[in-house]
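Line order of the protein sequences matches chains A, B and C.
Heads up: the first sequence runs through residues 1 to 352, numbered per our numbering.
Heads up: the second sequence runs through residues 1 to 234, numbered per our numbering.
Heads up: the third sequence runs through residues 1 to 369, numbered per our numbering.
To be clear, the hints were calculated from the coordinates, so they are not data collected in a lab.
For glycine and all other residues, C-beta sits at the position ideal for the given N, C-alpha and C.
Any given hint could turn out to be false.
[Stated by the list, open to error] Okay, the calculated beta carbon distance ranges per label pair:
hint, chain 1, residue 1, chain 2, residue 2, range
1, C, H61, A, L40, 24 to 30 Å
2, A, Y348, C, P20, 28 to 34 Å
3, C, D39, B, D195, 27 to 33 Å
4, C, V29, B, K137, 34 to 40 Å
5, C, R31, B, E98, 35 to 41 Å
6, B, Q55, C, R273, 31 to 37 Å
7, C, D243, B, E71, 31 to 37 Å
8, C, D10, B, P204, 52 to 58 Å
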Amino acid sequence: MPAWIDAAIRVAIMLFFVFNIVMVLIYMERKVLAHIQQRLGPMRTGFHGILQSPADAIKLMVKEDLAPSSADKWVFRSAPYLVFVPIFMMFVAIPFSSSVVIRHLDMGLFYLVAFSSLSIVGMLMAGWGSDNKYALLGGVRAAAQLISYELPLGISILGVALLTQSLRLGDIASAQYPLPFIFAQPLGFVIFITASLAEMSRTPFDIPVAESELVGGPLVEYSGMRWAVFFLAEYANLVATSAIAVLIFLGGWSWPFYALEGVGWLMQILAVAWFFTKVFALIFVVFWLRGTLPRLRIDQLMTFAWKLLIPFSFVNLLLTAAAVIYGTAILALVWVATACLGYTVYAYARSR
Amino acid sequence: MTAEELRPEASKEPASQPIADEVKGEAPSADAAQAPAARPRAAGRAPAGPPPGQQAPPTADAVKLEAIFKEILGEQAMKVEYNFGELVLTVLPEQILEVCRIGRTDPRLDFNYLRSLSGVDYVTHFEVVYHLYSLDKLHKITLKTRISHEEPEVDSVISVWSGADWHERELAEMFDINVKGHPNLVPLLLDEGVDEHPLLKSHPLVPMGEDRPGVITDLGESDWMGYRASGGKE
Amino acid sequence: MALDRLQTVDMTINMGPQHPSTHGVFRMVLRVDGERILDCEPYIGYLHRGFEKLSENENYHTVLIHLDRTDYLAGFCNEMAYIIALEKLLGVVPSERAEYIRVIMCELNRIASHMMFYGALGADAGALTPFLYAFRERERLQGLFEAVSGARMMFFYFRAGGVRIDLPDGFIRECRRVLDAVKFGIDECDKLLTNNEVFISRTKGIGAISAAAAIDYGCSGPILRACGVKEDVRRSEPYSIYDRLDFDIPVAYSGDTYDRYVVRMEEMRQSIRIVEQCLDQIPDGPFMGKVPRFIRPEPGEVYVRTENPRGDYGIYLISRGGDYPYRVKLRSPCFCNLMALREMLKDCYIADSVMVLGSLDIVLGEVDR
Chain A
1 MPAWIDAAIR VAIMLFFVFN IVMVLIYMER KVLAHIQQRL GPMRTGFHGI
51 LQSPADAIKL MVKEDLAPSS ADKWVFRSAP YLVFVPIFMM FVAIPFSSSV
101 VIRHLDMGLF YLVAFSSLSI VGMLMAGWGS DNKYALLGGV RAAAQLISYE
151 LPLGISILGV ALLTQSLRLG DIASAQYPLP FIFAQPLGFV IFITASLAEM
201 SRTPFDIPVA ESELVGGPLV EYSGMRWAVF FLAEYANLVA TSAIAVLIFL
251 GGWSWPFYAL EGVGWLMQIL AVAWFFTKVF ALIFVVFWLR GTLPRLRIDQ
301 LMTFAWKLLI PFSFVNLLLT AAAVIYGTAI LALVWVATAC LGYTVYAYAR
351 SR
Chain B
1 MTAEELRPEA SKEPASQPIA DEVKGEAPSA DAAQAPAARP RAAGRAPAGP
51 PPGQQAPPTA DAVKLEAIFK EILGEQAMKV EYNFGELVLT VLPEQILEVC
101 RIGRTDPRLD FNYLRSLSGV DYVTHFEVVY HLYSLDKLHK ITLKTRISHE
151 EPEVDSVISV WSGADWHERE LAEMFDINVK GHPNLVPLLL DEGVDEHPLL
201 KSHPLVPMGE DRPGVITDLG ESDWMGYRAS GGKE
Chain C
1 MALDRLQTVD MTINMGPQHP STHGVFRMVL RVDGERILDC EPYIGYLHRG
51 FEKLSENENY HTVLIHLDRT DYLAGFCNEM AYIIALEKLL GVVPSERAEY
101 IRVIMCELNR IASHMMFYGA LGADAGALTP FLYAFRERER LQGLFEAVSG
151 ARMMFFYFRA GGVRIDLPDG FIRECRRVLD AVKFGIDECD KLLTNNEVFI
201 SRTKGIGAIS AAAAIDYGCS GPILRACGVK EDVRRSEPYS IYDRLDFDIP
251 VAYSGDTYDR YVVRMEEMRQ SIRIVEQCLD QIPDGPFMGK VPRFIRPEPG
301 EVYVRTENPR GDYGIYLISR GGDYPYRVKL RSPCFCNLMA LREMLKDCYI
351 ADSVMVLGSL DIVLGEVDR
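Could you put the whole structure together from the sequences, leaning on the hints where they help?
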């Protein structure tokens, strides 16, 4: 089989997988949020509303695709795809077990970080192309936020790369058998999760789409299928980012059951199942935050990134580098740094 | 100056008729009969004794305030009444701004809180009523001034209380009273382009749906419709 | 190109009248420099229904129907103000039991209204859950309102001299049960939002106004009390039976959004105290006092102010005899509070504008009348 046919099949499977997991996630979010808020959530469509997401998807597909007459047509129409494609491209490199993957890339980690920052362009285009002040503000907010949080995000995972001396995601996951990197890189993990929340525009960082003041930000003029593509991208991003977090901090498929590293098909299924258990646990936390926290303001968000997360991610990187050179005992310092971060956040919040 | 002169329309009616009689609403004039509130059924009824508002004795605060106002303004410049024991001062329209300013700045009065600013159309004249309150001294007063329909003008008290802003805009729009010195006297509540003054007693209460001048029923000229009609080209 | 040749212009953003966070059909035009608000011009009147004109053509009791629709979140409190004014003009004394019933309903209504505020402020801040928590508590209270008056929002329950109908059987027991549940619910709401760091950072120091400015603009209610002015009509000019009841007036001092929130949360607890006292003290007896057959007050005028959940709610009622009021002027607290919005929004961010507006807890039905 030529390599490109193999790749095409893998991509098609992955696309199918992404569509489906997004529908599952939307259903899950609605149910989780509903139960946090003492409601039932969707109950009418199928057993406990499990058909709600397919029903919504069908509805969105047949809805009229409206564009404002004054919109910049090309920019407006292509924006959703420019948001979705880079996020989908991330799935190309994400391994779900040692062999369930589209392509193992030697530069996997670098590839992921690079592609995760590309969707900014789409958001900015959506904000600009809509010819709407709310959308413009939202687009500019998205650009500012995503670019700012790209830095701590990238730097926080460099520590892991230093420890494993590899950018290959399979290697990184396998290297976490006795101890996942969340213990070696607690600070990195905290920074990564926080920055990812901002990258994904999830609560408490859902400032670009702020429902209460910007009524949806860049998405305000979108409807029907194009809006659905934004939604798809948002949830696909959630899966991808959670998968990355699981891969590089929570031990991927290898921890704590090293046996799952095996090559038998049963082992592979178990590995994938175990991997997704972790991913969904992480996603659940994200939904949980959405049910609990209000939204930050844009200036507070930027302050948080530039004054807190970026310095601390550099501290983390330096300490990890020292640990790599002078011995792992110095990793204790990373814990000290984490405690410092915790205290700083606490003191910063208390000071106001 | 006598209290009778406080009424702007004093020249048209016998000067001896006290203001209080008119406020009581006996024998409404021909103009007043048009007003829905003064239906003929009510007109014939004679009051059976003093109204409850006049029965209560003046409160200690009210007596004290009256003395202070008399000291500042003199005996003649105002008409003093008591309503439910509270002081009601009626002053001339040209005095109202000055009285308000004194009320706000005089440390013994210290009326720092404008509770309410209302207009009342008594058909023969307008009354602009200021309900003042002192948050520190906890006393209150009702200031009134009467202005004629021919020359409906009153001074703005926005320089005394910023909170008079929207009250005065409402007054101007509802009664067609010119509030002199108000920086931004644009209509507040009614639709744009409605040139009506609904709280005038001469303004009829027209049921919904009937055509009446000034109400926009055709949106054809608005931008939005033009935008739709052009297929969104503009 | 030299930087000084780059021209920038301020952007105007039109918020409303259709906007999820303006709490109705309120419109404000913000002039912004980036995310910062330079100026704000509020526009009202989209819900103007001519209450005052309509009232001049209604008989004295049917005016109440319109009053329920002014501040539709606090119908009982509005009715209270008007009924007191009418009773004063009529010289009617309400029955003792009716006084208690009225105060119970008003205070329950205050809790329900503040719950709405809580939920809406949470939603403005971007938190979804407070709204649902608040509505759970509101629902319990709405059940009581429905049992008593037959309606959930537009009550039309008070009458000159008393109330329309006596409390239903078992009301006092049920009310105590609901109060216990609501007490717990308020604590839960408190835990969810009050000490939340993100919420604090969004509200502390935002939209602050000084006591002097608040008084100057005629602000009242929680807005004024959050500035440190201990002014509550229930205390400064006690009406009905408030002089017999023991309750505190919560006051905060910085006048910002957070303090307004805290004051309202505490007010709910005080309202529960009041209702509990009323439930202990409520006497048996008729629910109507002695009232003339026809409601036809003598000529005269009266200004009555009461403490609405939103502040100082005044009714200026003029009678010239006859079946219809000559003039009904409503001094709406939100109308006056909203005037201070411009002052509050100086140097805020766009995201703060909805928070500050939410903290004013405006009800457009009452602003526009």
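To see whether the hints hold, each was checked on the structure:
Hint check: H61 of chain C to L40 of chain A, Cβ distance near 43 Å, so the stated range 24 to 30 Å is violated. Remark: the range hint 28 to 34 Å for Y348 of chain A to P20 of chain C is upheld by a beta-carbon distance near 31 Å. For D39 of chain C paired with D195 of chain B, a C-beta distance near 29 Å keeps the hint of 27 to 33 Å intact. As the Cβ distance of V29 of chain C to K137 of chain B is approximately 39 Å, the hint placing it in 34 to 40 Å holds.
The supplied range of 35 to 41 Å is met by R31 of chain C and E98 of chain B, whose beta-carbon atoms lie about 36 Å from each other. The beta-carbon spacing between Q55 of chain B and R273 of chain C, approximately 35 Å, falls within the hinted interval of 31 to 37 Å. Evaluation of the 31 to 37 Å hint for D243 of chain C and E71 of chain B yields a pass: the beta carbon distance comes to about 33 Å. One distance hint, 52 to 58 Å for the beta-carbon pair D10 of chain C and P204 of chain B, is violated here, with the actual separation near 45 Å.
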